[in-house]
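Peer 1: Start from the sequences, fold in the hints, and give me the full structure.
Residue numbers (the numbering used here), protein chains in the order written: chain A, 1 to 204; chain B, 205 to 408.
In case anyone wonders, no lab produced these hints; they're calculated from the structure. Owing to the predicted nature of the structure, the values given are computational and were not obtained by experimental measurement. Cβ atoms here follow ideal geometry from the backbone N, Cα and C, with glycine treated the same way. Mixed in with the good hints there might be a few duds.
[To be verified] Rough simulated footprint, nothing fancy, chain A against chain B, three-plus residues with beta-carbon under 8 Å:
no., segment
1, 214-226
2, 350-357
3, 360-368
4, 375-383
5, 389-399
What follows is each chain in one-letter form.
Number of protein chains: 2
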Amino acid sequence: MARRSDHSREQLQQMAISAAIAILNEHGVAGLSARKVAKSIGYTVGTLYLVFKNLDELLLYVNAATLDDLQRAIMQEANVHTDPAQILKTMALAYLRYAQQHSARWSLLFSHRLPANQPIPAWFEQKITSVFDGVKMPLQQLHPELNESALLQATRELWSGVHGACDLGLSDKLNLGGRFKLEELIESFVENYLFGFAKSKGIA
Amino acid sequence: MARRSDHSREQLQQMAISAAIAILNEHGVAGLSARKVAKSIGYTVGTLYLVFKNLDELLLYVNAATLDDLQRAIMQEANVHTDPAQILKTMALAYLRYAQQHSARWSLLFSHRLPANQPIPAWFEQKITSVFDGVKMPLQQLHPELNESALLQATRELWSGVHGACDLGLSDKLNLGGRFKLEELIESFVENYLFGFAKSKGIA
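Peer 2: Printed below as a string of structure tokens:
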């Protein structure tokens with residue numbers, strides 16, 4: 001067991017987040033516990049709870065790191081194409097790929113709820129908004145005439161479909177019957193939604 | 205402790221499924237265990253495993269019951285309107301309501317994975333297809349010219365968006381910033397998707 005003075009508060013937090021991510025990757029959401037994280041970094045559970053209010057707060061930090069990674073994975077695709085619709089399709093496929101490759105982290109991000117008396121901090125909400133802002137850019141390029149509110153709504157609607165297809169597809173709930181690949185379904189969805197969005201706004 | 209001979213195999217299965225649902229409703233996904241189910245029906249865990257291969261099989265049966273309930277909740281709305289687009293919107297809102305009112309069962313349905321060596325039985329896949337078939341009907345009314353394959357795809361794309369909006373909205377991941385209600389976003393999504401689908405098929 002390391003002594004408390006061996007590491008600063010910030011170092012301890014970072015070590016715990018990294019250890020939690022490694023445990024998640026290896027053992028899944030059900031395999032993650034405060035005891036395992038503490039053991040992995042060589043401290044007691046008591047010390048872990050000096051730097052995080054509770055396990056939920058540690059999970060919130062793990063999810064924040066996942067949101068950062070997810071955003072990087074999506075944004076890497078933003079410069080590959082010049083056509084905004086093509087960019088959105090490529091981003092959607094990058095989101096699927098991230099969900100496939102980091103299934104436990106993806107699952108924790110969307111299944112974890114803070115206790116009712118622990119509100120979501122503003123800095124965490126800002127991370128979610130940042131991910132949507134990345135999706136908003138090509139949508140804005142496609143429809144420069146839209147105001148902020150319409151863009152916000154369209155971004156959420158479009159990404160709901162992408163997220164839903166990933167969630168249903170990866171939990172074997174789409175029953176595509178071998179007729180379509182999930183990737184094809186997602187690309188077709190993005191196309192259909194963009195068509196419809198333009199039409200409903202009287203743009204197309 | 206009841207004796208094994210007190211109930212038939214089928215009765216034991218039904219009792220265990222009902223007990224598991226009651227535990228889920230009260231204590232959430234994390235609060236569900238074979239031990240608690242066995243205790244609740246007055247049998248040993250050993251007896252429970254005589255009627256279910258493992259906890260995963262019990263959870264599969266719980267999820268099957270949830271799919272039945274979910275389908276009933278959606279289909280109740282199918283006859284309220286005559287306009288197919290309106291029916292689809294009402295079904296989408298019924299899906300959201302079910303997710304809100306039965307959050308633990310909804311969450312288990314989409315988070316549970318069978319072990320890799322335990323394939324999803326055909327009767328369970330059929331239940332998923334039945335839910336989609338309910339959604340397919342109004343879509344078919346709207347576009348009678350579509351073939352089976354195009355309908356299957358459109359149903360999955362449309363419902364991916366509805367599911368994704370529910371999943372993201374209920375896990376506080378949409379950041380609507382108080383500008384829209386989740387219900388409004390879902391209705392607008394259905395409208396936009398239907399517009400776009402018609403347009404991309406050259407129907408509108």
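Peer 1: Now tell me, hint by hint, if it's right for this structure.
Peer 2: Now for the hints, and whether the structure bears them out:
no., hint, verdict
1, 214-226, "violated (count 0)"
2, 350-357, "holds (count 3)"
3, 360-368, "holds (count 8)"
4, 375-383, "holds (count 8)"
5, 389-399, "holds (count 8)"
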